[in-house]
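Novice: Turn these sequences into a full structure, and let the hints guide you.
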Amino acid sequence: MPDAMNVLQALLDGERAGAGRMLVPPRRAKMVAGGVREGRRAGGSLEFRDYRDYEPGDDLRHLDWGLFARSDRLAVKRFNEEVSPYVDLILDGSKSMAFEPCKGEVALSLAAMLATAARNAGFPYAVWMPRERLTRVAQGIEKPSLWTGLDFGFAGDPAPPLARGASTLRPFSIRIFISDLLWPSEPNHLLHSLAANASAVIVVELVSAADENPEPFGDIRLVDVESGEEQDVIVNGANAAAFRGALLRHRQSWDEAVRECHATIVRAVAEEVGEDLLAAELAKAGILQC
Amino acid sequence: MLTSIGALAGLITIPILAVIYLFHRRPRVRQVSSLMLWSLLERPATGGTKREFLRLPLTFWLEAAALLLLVIALAGPILPRVSHRRPLLVVLDDSLSMQAGSHSTAQQRARDFLKREVLDGQYDPVRFILAGETPQLAPLDQWSCNAPAANLDAALAFAAQLAGPDALVMIVTDHAPPRAPGPRIRWRAFGQPEKNAGFIAASRSRAGRDRIMLGIGGNAATELSIIAGGKTLLKRRIAQDNLTIELPEGTGVVEARLSDDAAPFDNRVILLPERRPPVAVSLDIASEALKRDLEHALDASGRALITPGGSLLITDKPGHSGEWILELVSGGKGTTHAGPFLLDRTHPLTAGVDLDGVLWTAPDGAMPGTPVILAGNRPLVTDDARHIRMRLDPALSTLQRSPAWPALIWNLVEMRSDASPGFHASNIVHGAVTELVLPPRAESARIEPPGAPARTMAAARGAHTLAIGASRPGLWTVSAGSDRYQFACNALNPEESDLSHATSGTWNGWTESSLLRAGFDDVAWLFLLAALGVLALHMKVTSR
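Order-wise, the sequence lines are chains A and B.
Counted the way numbering that gives the first Met the number 0 counts, the first sequence spans residues 0 to 289.
Counted the way numbering that gives the first Met the number 0 counts, the second sequence spans residues 0 to 543.
Check before you lean on any hint, since a few could be wrong.
Claimed, not checked - Incomplete in silico selection of chain A near chain B, CB under 8 Å:
(1) Leu7
(2) Leu11
(3) Glu14
(4) Leu62
(5) Gly217
(6) Arg220
(7) Asp231
(8) Ala240
(9) His249
(10) Trp253
(11) Glu255
Hints were generated in silico from the structure; no laboratory data involved.
Cβ coordinates follow ideal geometry from the N, Cα and C atoms, glycine included.
Specialist: As structure tokens, this is what we get:
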């Protein structure tokens, strides 16, 4: 991790940004019964919802004996189902996320802001980082400023360990994945793995300005920050346009995969993210309540 | 059009630059998040069998363009002038020898050539420089060939100052160039080697018997005639020779002539009497011994006439004031000096004066005026606006017995004579400058040169002299106030009289390159400017 990156400050900035906000589950999120949210289905909470006629097999404890005494009708009391959302925050821990300080700091702040917003909403959460395998961040269930072991040193494709480790995530949790998504493997497999048994999947694509715009022009030797692989290119107008075309196609493949998995994707350029840390974009996507 | 093919060899730098780019290119290193998007792009060609266009960065093309522009600028690109005519400076030999010629003079032949081949419109503008002793711009019709000599080197330098180093220059003269002309100089000579005899020296005695001394040079026999007062004093065949001729008492203007030949300007000299009137000297001396010493010295000068009321007063009595007084201060306690004596050699009184071995006893005391002779820090002779004071005790001094005494007195008489109105010399050499002392209250003079219109010349403020340049041979007359003076100017230049080296021909220094440059404008600056622009763009590209 570059020395220039101030992890604690980034986490504190995220906490501050998330202080007045609450995470809301996406509308089509599948919830776990017994939670703190009122579900659409009748469930086992103490909040009365309505009556329905008794059917054989119904729990006799739910019969409203008072109603039977008054109206000689056997009816069963129904109560609102309580749901309990759980948030799994997955932060891409590969080197590409942190070799430019701005990108890494924004990713950390964004994770901290979302965790704080989840905390404000009463959602428990856990923070994960895919390395050789999907690893829980130490003290990742605490407030962000207490998180430790946030290491952006993974030199590899985060998709395989994340896909493999998705089964270890809490069932029906809201899964938020923050990454630059710059790896060559197809997104479908990863997204399907994440979406399986999840109440919602939200992908936050965070790239740097340099990831989007190839500059400067000229004779450039590109070095992959993760693999160390080198490639000589002549960056000129035509090649820059071709690069942007390739990026567009890459994003289109992600959009397609997101649609297939009923996930949500939010995109941001780190240098353009303001102090609100994408609050407006996340609210627009129905994830955050300001 | 490019004038320096050699400079185009600089184009070799462009392929060298390409080689440097291809083999020693050091790309800038940049870390990226992933190469996955870049791997889809075409890579720079590094080899193989497939033919591809050479891929080089923009910086290469900018550097190559800058190199190309610089090479072109170095090659001296020129564009034709709008007028399609070349400017020309013609240096005209203005010396007397251009007047020489049996049938036609060198000047006439040169004029014909200029009208035929120079003033026909192919050159524009054409300017003329008269190459006399000092060069000057003048129209062609002022070319009179009356200068005593032609300083062609000075005229060439003047031409270069006028028109710059690229101008075409043509020299019109009557002799061959001393060395091969430069790349922009065409040397045209219109002289002809001829036999000629001419006066190369002429003078008239100032003292003693009235004589004229003549020097005749050249390579032809001639007939000499001496004429004075309408009478021919001498007529004889003569070859190259020096001769002295005694003149009868009272002879005025003497004219010496040689028979006509190719060069008319050196066949005649006029010699005016050089004798000037004696200086009237008054003596007011109490000491008989000193008076005797003074009279002897004045007599020895041959230039003084002792008479009361003279223009020069020599006295040993105090109380006289004004100019041209020699006041001898004696009496009282004095100091004897045996030297060394310090003499102001710039003062005319000390010319030829040697005080070695002289014992000079000078009374003590101060004297006004600028010191002329000193013994240590004690002034012995001072000059206070031509009131000369000499501190001398003749009884205790040996000055009057030394050769310095008549020299001092002679110098004093000459100083007074030189300050008298008129010319110092009556006969001067062509081209020399003579000085006229104006009579009292005259501030200007009317000058009548021979064969030229008269003109008036005014003295500088506070000055009593006029410097007159004798630019034409012949008899000059000058009127100042009610007085009239004359001097004779004689062309006495052996080099001008010697026509054996005169020749005709063309020594063409106008090279193809100089002709091109004269007819075209140098536009190298345009390419330099463009190169600067390209380099500025290069800086901008590389600093991004």
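Novice: None of the hints should be skipped; say for each whether it holds.
Specialist: To see whether the hints hold, each was checked on the structure:
1. At about 24 Å, the closest approach between the beta carbon of Leu7/A and any beta carbon in chain B exceeds 8 Å, and the interface hint on this residue is violated.
2. With a least beta-carbon distance of about 26 Å to chain B, the hint placing Leu11/A at the interface is violated under the 8 Å criterion.
3. The restraint placing Glu14/A at the interface with chain B is violated, with a minimum CB-CB distance near 27 Å, outside the 8 Å limit.
4. Interface restraint check for Leu62/A: the shortest CB-CB distance to chain B comes to about 63 Å, outside 8 Å, so the restraint is violated.
5. A least Cβ separation of about 5 Å between Gly217/A and chain B falls short of the 8 Å threshold, and the interface hint therefore holds.
6. With a cut of 8 Å, the hint placing Arg220/A at the interface with chain B holds, because the nearest CB-to-CB distance is about 4 Å.
7. Contact between Asp231/A and chain B, as hinted, is supported at the beta carbon level, the nearest pair being about 6 Å apart and thus within 8 Å.
8. Because the beta carbon of Ala240/A sits about 10 Å from the nearest beta carbon in chain B, more than 8 Å, this interface hint is broken.
9. Below 8 Å, beta-carbon pairs count as interface contacts, and His249/A has one with chain B at about 7 Å; its hint therefore holds.
10. With a least beta-carbon distance of about 13 Å to chain B, the hint placing Trp253/A at the interface is violated under the 8 Å criterion.
11. A least Cβ separation of about 17 Å between Glu255/A and chain B goes past the 8 Å threshold, and the interface hint is therefore violated.
In summary, the numbered hints that this structure violates are 1, 2, 3, 4, 8, 10 and 11.
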